[in-house]
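In order, the protein sequences belong to chains A and B.
For the first sequence, this note's numbering begins at 110 and goes up steadily by one.
For the second sequence, this note's numbering begins at 89 and goes up steadily by one.
By construction, these hints were calculated from the structure, which means they are not laboratory data.
Incorrect hints may have been included.
Simulated crosslink set (EDC-like; lysine to aspartate or glutamate; CA at most 20 angstroms straight-line) [what the hints assert, rightly or not]:
#1 A/K184 - B/E103
#2 A/K132 - B/E121
#3 B/K92 - A/E202
#4 A/K142 - A/D174
#5 B/K107 - A/D174
#6 A/K120 - A/D136
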Amino acid sequence: MKFLEKYDFNKEEIADFLNNSPKKLIDAIKDNKKLVCENIDYLKGLGVTNYQQIFLEYYDMFLMDHSNFVEVFSKYEPEDLIEKLNKNIRIVEYL
Amino acid sequence: MALKAKLDLLSLSDEERAKASGKFLATLALVSEEELSEVLTYLSSQGVQITNAREIKVLADTKAVMAKKFSILGEIHEEGIYREDPTLISRNAIDIYKKIQYCKQNGIAYKREDGTYEPFLFSEAAWQKTFNRESTVVSDVAKTTAGDSIVTIEPVVTPVLEVVEPVIPVAVEPVSEDHIDIKEYMMSSDDEAELEARTTNFAAIRKELEGQLAELDALKNMSFDDSEISFTDLEPETYGMGRAA
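One chain only, chain B, in its complex shape (with noise of 0.2 angstroms):
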């Protein structure tokens, strides 16, 4: 099937699809006729139009992939991110769903007053900048380049509560065992020893969230007897703070 005739079965305006020719038509060339007809069906019952020459990369992707990513946001009630901005549908759904759930444990707005989601949820910088530190998100599944082969970095887990502003966790809900095994959702690619891996590294952040969010309630609940403990006995790095000049 020509790229002209594989253009035609989506909805852009003659604006886009005039930045689409030539520009962005690698991603048809790259699929078949059937799996583009199968994977914009797909979109259509979500809700999902591509209607912008951008979007059309992530038409790249399998429908099975995108039922995957759209499975994991809906988990959490959240796959409207990808009707606000379909470009989103090529990044890990695994790393938004982790944000997402960061954010609530730990009582951050993740959306704006008019709706729309806060940027830091789709750029690792922008979460490092917002939050002044390593996402336990992105680096457990990171990877990078040593030839042509994938490596896995190793996870960096900073602990939650160096959060630059102290919050207190709010409303957080209890983790439904259905999280446990979700193995069939936890993939943003075919290869299914990544998906093990990240199975794996996904219970293993859940199970240190879980056990920080534990320390938090039993902070919460501790109550001091001042007879016991006079803060001038402790040294400003004790508690965090430096000494004032």
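So that you can see chain A by itself, here it is in the shape it has in the complex (with noise of 0.2 angstroms):
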């Protein structure tokens, strides 16, 4: 999971992450870091600042199709959903 440091997760994070995790999302995501980079790319780019929580709550949900992913976040207005994003990272499961 070296690659989340390229994300700023950091060791503490990226070892909670795994030991409180089911090994075989463990193991997609390692199977699939590159559709995971692409969608952790995507909200970044976005200007989502707290995408590694996102993620650390949401991992499963980073695993989707980039197309499906993209599509998700990109009914929104950008600021408006950053800010909402901000708040409460639960809206992620409302868009």
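Both chains are sitting in their own frames, so use the hints and assemble them into the complex.
Here it is in structure tokens:
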């Protein structure tokens, strides 16, 4: 999971993630590293500053096909979306 | 089996189903219908229902792994944690177990008045913030990555007595011998080598805690003869206090 360090996850966060997530999902994330990176990059590019927090809580969502992932977030005005995500990441569930 | 059919096996409301559709289906793609049915039946037998889209990820664990997690917390009658918040099933049960044991042994409340659990049990960051100490709990099993291979971090053991607020252990429960050989319970993954390592680590931590408790008991029973010790002879650093300016 070293690739997560590129996205400013610290070692403790990565360790906590590995220690507290189902093995099958961890393996799937490792096996689909490129897809996961694409999806993280998209959020980061959109200006979502708390993307790490979103990943750590909703990591399974980052295994979505990239075009579907983009579709989930692109329906909203970026500024408004970023503001709401900063207030409460659980808004992700309602997008 | 199509994802939709697997989704039908869950008891999600229309709203939660809508939330899950598209976004939280990766787990269902990773498990077979048989595994899914088995896990759902097991959870139901434990009084746990998956009713929220964000809880679906816990279904990526096998029934065997889940049963071990329930057994670990069942040992201390705290498996209700999972009924309160099913997403916690995906967390490392041994860490939660150790944190609860630490709280019990040090007289620290880990349940609120309304019966809900303190969040510090489920977050290493919250644990450290609350107790201002490096956890002996997670660090021994924490993993990080070096390339793509997982390596174990050396445990960082800080004496239990370094908790910010002085605590006096009350109602310390004797540690049952049953807890010593918990190999069959101790894992959140299917990796046997990891299981062995955790078993060893866990025994060492228990031994350390028992030693510290014995030390505390000895301190409690200690009596001082005033004629032998003059507190003016003690430098502030000797008893851990800074000198007033």
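Right, here's what the structure says about each hint:
1. A/K184 - B/E103: 19 angstroms, holds
2. A/K132 - B/E121: Judged against 20 angstroms, a Cα distance of about 18 angstroms means the pair holds.
3. B/K92 - A/E202: 18 angstroms, holds
4. A/K142 - A/D174: 12 angstroms, holds
5. B/K107 - A/D174: Holds: B/K107 and A/D174 sit about 16 angstroms apart, inside 20 angstroms.
6. A/K120 - A/D136: Since the Cα atoms of A/K120 and A/D136 sit roughly 18 angstroms apart, the hinted pair holds (cutoff 20 angstroms).
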